[in-house]
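Chemist: Residue strings, one per chain:
There are 2 protein chains.
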Amino acid sequence: MTHARPAGQHTVRRHNSALVLGAIAESPGISRAGVAARTGLTKATVSSLVDRLVAASLLTDAGPERRDGPGRRGTSLSLSPRGPHGLGVEIAVDYVSTCLVDLTGAVHHHRTRPCDNRSQPVGRVLTRVAKAVDTALGDAAARGVDVGGVGIAVPGLVETSSGLLRLAPNLGWRDVDLPAELRRRSALPGDGVLVGNEANYAALAELWAGGHDGLRDFVHVSGEIGIGAGIVIEGALFDGTRGFGGELGHFAVSSRGPRCSCGARGCLERLAGQEAILDRAAAPDLDVLVERLEAGERTATAAVRGAADWLGAALSSVLNLLDVPAVVLGGTYARLHPWLADPLASHLSGRVMGAPWSPVSVLRSALGTEAAVRGAAASAVRTIIADPDAYIAPR
Amino acid sequence: MTHARPAGQHTVRRHNSALVLGAIAESPGISRAGVAARTGLTKATVSSLVDRLVAASLLTDAGPERRDGPGRRGTSLSLSPRGPHGLGVEIAVDYVSTCLVDLTGAVHHHRTRPCDNRSQPVGRVLTRVAKAVDTALGDAAARGVDVGGVGIAVPGLVETSSGLLRLAPNLGWRDVDLPAELRRRSALPGDGVLVGNEANYAALAELWAGGHDGLRDFVHVSGEIGIGAGIVIEGALFDGTRGFGGELGHFAVSSRGPRCSCGARGCLERLAGQEAILDRAAAPDLDVLVERLEAGERTATAAVRGAADWLGAALSSVLNLLDVPAVVLGGTYARLHPWLADPLASHLSGRVMGAPWSPVSVLRSALGTEAAVRGAAASAVRTIIADPDAYIAPR
Chain A
1 MTHARPAGQH TVRRHNSALV LGAIAESPGI SRAGVAARTG LTKATVSSLV
51 DRLVAASLLT DAGPERRDGP GRRGTSLSLS PRGPHGLGVE IAVDYVSTCL
101 VDLTGAVHHH RTRPCDNRSQ PVGRVLTRVA KAVDTALGDA AARGVDVGGV
151 GIAVPGLVET SSGLLRLAPN LGWRDVDLPA ELRRRSALPG DGVLVGNEAN
201 YAALAELWAG GHDGLRDFVH VSGEIGIGAG IVIEGALFDG TRGFGGELGH
251 FAVSSRGPRC SCGARGCLER LAGQEAILDR AAAPDLDVLV ERLEAGERTA
301 TAAVRGAADW LGAALSSVLN LLDVPAVVLG GTYARLHPWL ADPLASHLSG
351 RVMGAPWSPV SVLRSALGTE AAVRGAAASA VRTIIADPDA YIAPR
Chain B
1 MTHARPAGQH TVRRHNSALV LGAIAESPGI SRAGVAARTG LTKATVSSLV
51 DRLVAASLLT DAGPERRDGP GRRGTSLSLS PRGPHGLGVE IAVDYVSTCL
101 VDLTGAVHHH RTRPCDNRSQ PVGRVLTRVA KAVDTALGDA AARGVDVGGV
151 GIAVPGLVET SSGLLRLAPN LGWRDVDLPA ELRRRSALPG DGVLVGNEAN
201 YAALAELWAG GHDGLRDFVH VSGEIGIGAG IVIEGALFDG TRGFGGELGH
251 FAVSSRGPRC SCGARGCLER LAGQEAILDR AAAPDLDVLV ERLEAGERTA
301 TAAVRGAADW LGAALSSVLN LLDVPAVVLG GTYARLHPWL ADPLASHLSG
351 RVMGAPWSPV SVLRSALGTE AAVRGAAASA VRTIIADPDA YIAPR
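Protein chains in written order, with the UniProt record's numbering: chain A, 1 to 395; chain B, 1 to 395.
Wrong hints could be hidden among the right ones.
[What the hints assert, rightly or not] One-sided and incomplete, this derived list gives chain A residues near chain B with beta-carbon spacing under 10 Å:
| hint | residue |
| --- | --- |
| 1 | Phe244 |
| 2 | Leu248 |
| 3 | Ala252 |
| 4 | Leu268 |
| 5 | Leu319 |
[Unchecked claim] According to the in silico footprint, chain A covers these stretches of chain B (three or more CB under 8 Å from chain A):
| hint | stretch |
| --- | --- |
| 6 | 105-113 |
| 7 | 248-254 |
| 8 | 259-265 |
| 9 | 313-319 |
| 10 | 322-329 |
| 11 | 369-380 |
[To be verified] So these bits of chain B aren't anywhere near chain A, every CB distance computed over 12 Å:
| hint | residue |
| --- | --- |
| 12 | Arg118 |
| 13 | Gly210 |
| 14 | Gly211 |
| 15 | Arg216 |
| 16 | Thr383 |
In short, the hints are calculated from the structure, not lab data. We treat Cβ as the ideally placed atom computed from N, Cα and C, and that holds for glycine.
All chains should be modelled from the sequences, with the hints used to inform the complete structure.
Modeler: Structure follows, in structure tokens:
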């Protein structure tokens with residue numbers, strides 16, 4: 001957000017509100033005095049800002065702070081679970097899903113509607129997505145909470161500067177202004193709508209879930225119909241100069257191979273994506289595949305091993321380029337982790353130049369196919385926490 | 001550098017000296033008053049620090065500042081070309097080179113000694129390198145200048161935390177402590193010796209040379225016997241968690257292909273490196289190859305086009321992952337740019353997902369095979385400028 005006028009009282013209050021809310025988000029249960037010590041603001045300033053944030057339902061004041069030792073006990077401040085929620089929307093190739101996340105990060109609604117979005121014209125898919133958005137907004141209203149921001153996850157290139165979905169090869173979409181299109185068809189809010197790549201949102205959700213011993217450098221690989229990667233470096237997403245980074249699915253792993261939706265041949269996702277694995281295993285869907293894998297069925301095992309080889313070729317290149325210590329398998333790959341991880345790890349230990357000094361970990365996403373929609377909702381929530389005044393007093 | 005004692009006068013002076021020198025490096029010809037305005041220090045503090053930096057030969061005071069308009073003219077401060085020099089040393093597979101760079105970035109000595117370092121035991125190669133180091137130190141002494149820091153560029157994995165050369169596959173070296181080994185064999189200084197990957201130093205040299213309209217996001221590809229990449233993002237080197245990033249030469253571009261020095265098959269450098277091109281062109285060396293390319297000889301042209309295809313496969317993957325807008329061809333690829341660039345650009349425009357919105361530039365390095373050794377020397381110089389007290393008053 002850019003604004004050219006000089007920093008006045010409103011700007012200072014805006015800045016300080018964010019400081020205070022950030023301190024409380026980091027240390028739930030902290031007292032006003034604790035916030036003052038943490039931020040360097042006076043207690044009077046903190047109290048006045050806290051009162052305003054409580055009135056806006058961003059904070060709760062939960063009574064006496066738990067503290068050992070003598071002295072007056074302050075009250076205990078936390079982000080309010082009844083405050084504004086983030087709405088996450090994911091438009092995948094084979095489903096649409098939505099979820100609501102509150103300021104504390106808790107998920108309150110998660111609905112997935114399987115559907116084949118490739119076979120439908122864009123307008124019909126958008127109508128379906130709009131319906132899902134309205135249902136979720138209805139759920140929020142029924143819970144008596146406000147939707148303070150929306151994140152929309154899509155399987156394609158989202159341009160950071162314009163927010164346009166430039167290209168979603170597996171959907172066959174180009175240059176779609178999703179917020180505008182969905183507003184025409186639903187009660188989607190006019191402000192606070194983010195659009196992002198599903199693999200990037202999934203990686204952020206994994207980071208924010210804080211598993212894997214607080215891992216802060218990894219590549220999250222989302223295996224779906226397409227394959228995407230989210231690159232996390234020092235606890236931040238790396239998505240390139242225009243936001244188009246992480247397109248692992250179009251890694252050139254073979255000079256031949258079937259033609260991809262992007263027009264090229266030999267793309268990773270045609271050889272190691274969900275459909276390639278199901279085809280090779282002659283399994284109708286993932287549930288059947290997993291049953292057969294659990295039964296040790298040979299065709300199924302070979303299909304997953306084949307995918308591990310292609311995936312290993314691409315990921316060894318990624319790790320030789322980026323030197324990150326871990327790969328997190330997400331999306332449908334999370335379900336296949338028990339059969340994918342070992343062949344993949346052995347491939348990587350043979351090809352990653354730095355592996356002899358610290359082996360690459362192949363981890364399983366805790367969130368699986370829910371990661372992207374959760375990351376989208378959580379991004380909306382984090383936007384509110386980072387700048388509460390934009391929510392309390394939008395211009 | 002970590003030191004636990006409280007910030008005292010020495011620490012403050014150290015910090016301020018770096019501020020002052022940095023301001024002058026950014027604006028050569030600036031006055032003392034200009035430095036004071038830029039840094040927020042008092043004129044008296046600036047004058048005393050400048051006097052000290054002049055006495056240490058880091059600055060020159062070149063008389064009246066050129067300035068239009070009325071008022072007293074200050075004197076003009078610049079980094080001294082007679083101050084400490086950085087010594088760059090490159091240990092390549094087929095040559096050893098050295099250069100001296102002064103504080104202003106000018107190159108004063110550049111010697112390349114062709115030799116086959118693969119066929120020799122490590123001790124003999126180090127003796128040869130030590131001799132080159134002593135010759136360069138002699139050149140500096142003859143010029144009457146001090147060597148204030150050294151950068152050593154190597155074709156392998158250098159671990160940031162230890163400074164060890166962990167692995168140089170094309171040399172067959174593992175776990176070499178280069179500063180220690182060279183000190184045993186030469187007059188290499190005891191302090192201020194950096195070791196880094198040659199492709200990373202080459203990318204930094206290209207960045208610091210400031211060509212290509214001030215490009216700050218690019219992948220620099222060093223084509224030599226091996227192939228390395230240096231990734232520059234927002235004007236800074238990205239080299240991964242341990243410093244092992246940029247290993248483009250070991251990208252898996254084929255599931256077959258000749259066995260690589262790293263042990264795997266199908267690595268890019270075996271298919272598109274200098275030796276693969278010369279082999280396919282049946283040319284004895286690069287000069288002959290270039291002559292034949294200039295004459296439009298068909299085998300030579302086909303050999304370069306073949307390399308462009310493999311390079312295009314790998315670089316399209318890199319750009320799909322990182323979304324940077326430009327590739328800079330360096331090392332021997334800089335000489336081959338007239339024949340490589342078009343097929344490579346056409347490959348990239350077909351495979352890079354974001355290319356329709358802004359095409360990828362395939363640029364030619366201005367420095368070619370000199371980039372790595374220059375980058376190593378310039379890194380040593382920049383280390384002095386960033387912390388002049390470590391040079392003036394080492395502990």
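Chemist: To test your reading of the hints: which numbers does this structure violate?
Modeler: 6, 11 and 15
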